[in-house]
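If you read the sequences in order, they're chains A and B.
When the first sequence is numbered by the numbering used here, its final residue is 364 and no position is left out of the sequence of numbers.
When the second sequence is numbered by the numbering used here, its final residue is 364 and no position is left out of the sequence of numbers.
Hints in this document: simulated from the structure, not taken from any laboratory.
Take the hints with a grain of salt, since some may be wrong.
No copy labels: a pair is met if it fits in one copy or bridges any two.
[To be verified] Derived lysine-lysine pairs resembling PhoX-like cross-links, with alpha carbons at most 25 Å apart:
id: 1; residue 1: LYS58; residue 2: LYS33
id: 2; residue 1: LYS33; residue 2: LYS328
id: 3; residue 1: LYS328; residue 2: LYS58
id: 4; residue 1: LYS298; residue 2: LYS58
id: 5; residue 1: LYS58; residue 2: LYS96
id: 6; residue 1: LYS328; residue 2: LYS96
id: 7; residue 1: LYS298; residue 2: LYS328
The structure presented is a predicted model; accordingly, all values stated were derived computationally and were not measured.
Read off the chains here:
There are 2 protein chains.
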Amino acid sequence: MQTLTVDLGDRSYPIHIGTGLLERADLILPHLKQKRVAVVTNTTVAPLYLERLTATLKDAGVEVLAIVLPDGEAYKNWETLNRIFDALLSNRAERKTTLIALGGGVIGDLTGFAAASYQRGVPFIQVPTTLLAQVDSSVGGKTGINHPLGKNMIGAFYQPQVVLADTGTLATLPDRELSAGLAEVIKYGLIRDLPFLEWLEANMDRLVARDAEALAYAIRRSCENKAEVVAADEREAGQRALLNLGHTFGHAIEAGMGYGVWLHGEGVAAGTVLAADLSRRMGNIDGADVERVVTLFKRAKLPTVAPDLGADAYLGYMGVDKKVEGGKIRFVLFRRLGACYVGADAPAELLRQTLTEATGPAAP
Amino acid sequence: MQTLTVDLGDRSYPIHIGTGLLERADLILPHLKQKRVAVVTNTTVAPLYLERLTATLKDAGVEVLAIVLPDGEAYKNWETLNRIFDALLSNRAERKTTLIALGGGVIGDLTGFAAASYQRGVPFIQVPTTLLAQVDSSVGGKTGINHPLGKNMIGAFYQPQVVLADTGTLATLPDRELSAGLAEVIKYGLIRDLPFLEWLEANMDRLVARDAEALAYAIRRSCENKAEVVAADEREAGQRALLNLGHTFGHAIEAGMGYGVWLHGEGVAAGTVLAADLSRRMGNIDGADVERVVTLFKRAKLPTVAPDLGADAYLGYMGVDKKVEGGKIRFVLFRRLGACYVGADAPAELLRQTLTEATGPAAP
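This is chain A alone, in the form it adopts within the complex:
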């Protein structure tokens, strides 16, 4: 097991990475304020890991309430959040009851926002079971739900007490979701870590083949990068926005195709290629750089051509993006590979060219 710390003063917390963590009550107990928890999970993860985690907790004398939600980004909404509140209130969960998120990014986002809001805040713990959640969404305290007019528009910055990334759970992850997680792994290399990008180019085949050692290294390097960025900018006033490389385009793709059709990581991959294309048109990088990005995503079995929704549809979806300021769209752009920046300097004409010329038939 390896342990990192996200350094946020009195909201600091450890991330444990390794196999067999679902059996480790000793990693959870020190963080509980009472011997009572609610485990929030979904219908896909529950049959695989709920019993194991519950047994670990019950053997340690902890009372467990299980809340099993439907699976999918389409359920990351108020109705599902309210099912958590209904269960907590019906079972008289208290201010010291800890919520445990067992699942992927959607479960983590829903559970985190429920924890932030239930009785104005109760403790919570992240137990991510997908690669995407282990390298990204479970670290950094972003929680929330979607609104029909925009993704992740309602939520809170709310940090967990501890994150347990059990790499053993990746064995049951569908190929498509493994790839979606690799999109965020590649992102860390692209935005700020050229040596990691080069390591990924050398080791992508091992990652796709689920080589345990390679995966553990990729998760650790990803969490280290994210922890450094978040520690420097918890509430996204500045450099944290770099983590959104490909996300402005990606969210538009997800919304335009209907939430749940494209996976988040798939949208990020295709969106990152658009960001690279736009950066090339702005003269920051060259065609070979774009090709290098495309090649790595392809080797990770990710889509690299964003759907042609029409430039106006894209602009509409992006207009309500959280990174908008004073009416200008701020993008994460490439200065070079391994060094991105946040700029509102993309000329409207080049943006339209990217949205028209670098998109294609819709297929994730």
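Using the hints, position chain B against chain A.
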């Protein structure tokens, strides 16, 4: 105009108290991050004060989006909150757009929670127009909505940038709501400020007659008391719970009678009498003390007999209260008048006696 400060480190903020503050753009402008705000109010307050505040802002070059909600505690729920989000998203409100709550406690709670959650947090300003909101709910950062299974169960601790308590707005306040506000004013005297309690006993008739000088003094002393308590305990880990004197019973009354039938302050008044009755049965205070509490509430035109819902119904409603811990109900109890404490030591038998013998026919 008088100004106090709520001292919360980098979340500190000023409270301005006085007449004509709705015309004072200079008190608002320094707190805006962009010249764009959304004013959230209700159908009762809008015809009285929305135009005045909007004109003040527009004259200062600020773009104003008005969001007018239905009036009443019955609307303090997810559906109404979502109307705020719908309006913000439809109008592309951004992360730097400030939300301004113009109204009473319900508007403040809804707007504050909307501000805490919209895009994971935008700035907000409180402009309370009821006595209750000026002395209590607009100070301290508690925001939230009701759930069918419990009041204020979903929300956030989220501090405003500034509070503007324009005492001129009290001129249009219905008598019943003025009294409801006085319940919270009296509360500060009862829990921690005997000299203020004695001042209230000497000046209650002036307050009920809306003597401007008396009201301004009562608001200032109330805000000072609340600011001191909140500064010492922002997230209600300890002494802040004292502010809930009468609230555990009061919330049960409000829920049991149906939200909106009893005003919050009415529930607090009758609930405080129950807390006094229980404290007397425990031997902490005597019958004359209880009578003194009842007399002051009566002079403020407040109900002093809680409805007889049945002891079991009360216990059911109180069982999901936020102050519950380890299954035991924690009450704010009197040690003596002017000095309350939080205890889980109320014997169940005495509690049942209070709920049975000190309640009566239902009438606010």
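For each hint, the structure was consulted:
{"no.": "1", "hint": "LYS58 <-> LYS33", "result": "within (16 Å within a copy, 49 Å between copies)"}
{"no.": "2", "hint": "LYS33 <-> LYS328", "result": "between (45 Å within a copy, 16 Å between copies)"}
{"no.": "3", "hint": "LYS328 <-> LYS58", "result": "between (53 Å within a copy, 23 Å between copies)"}
{"no.": "4", "hint": "LYS298 <-> LYS58", "result": "neither (44 Å within a copy, 53 Å between copies)"}
{"no.": "5", "hint": "LYS58 <-> LYS96", "result": "within (18 Å within a copy, 46 Å between copies)"}
{"no.": "6", "hint": "LYS328 <-> LYS96", "result": "between (43 Å within a copy, 13 Å between copies)"}
{"no.": "7", "hint": "LYS298 <-> LYS328", "result": "neither (32 Å within a copy, 58 Å between copies)"}
Violated hints, listed in ascending order, are 4, 7; each of the other numbered hints is respected by the structure.
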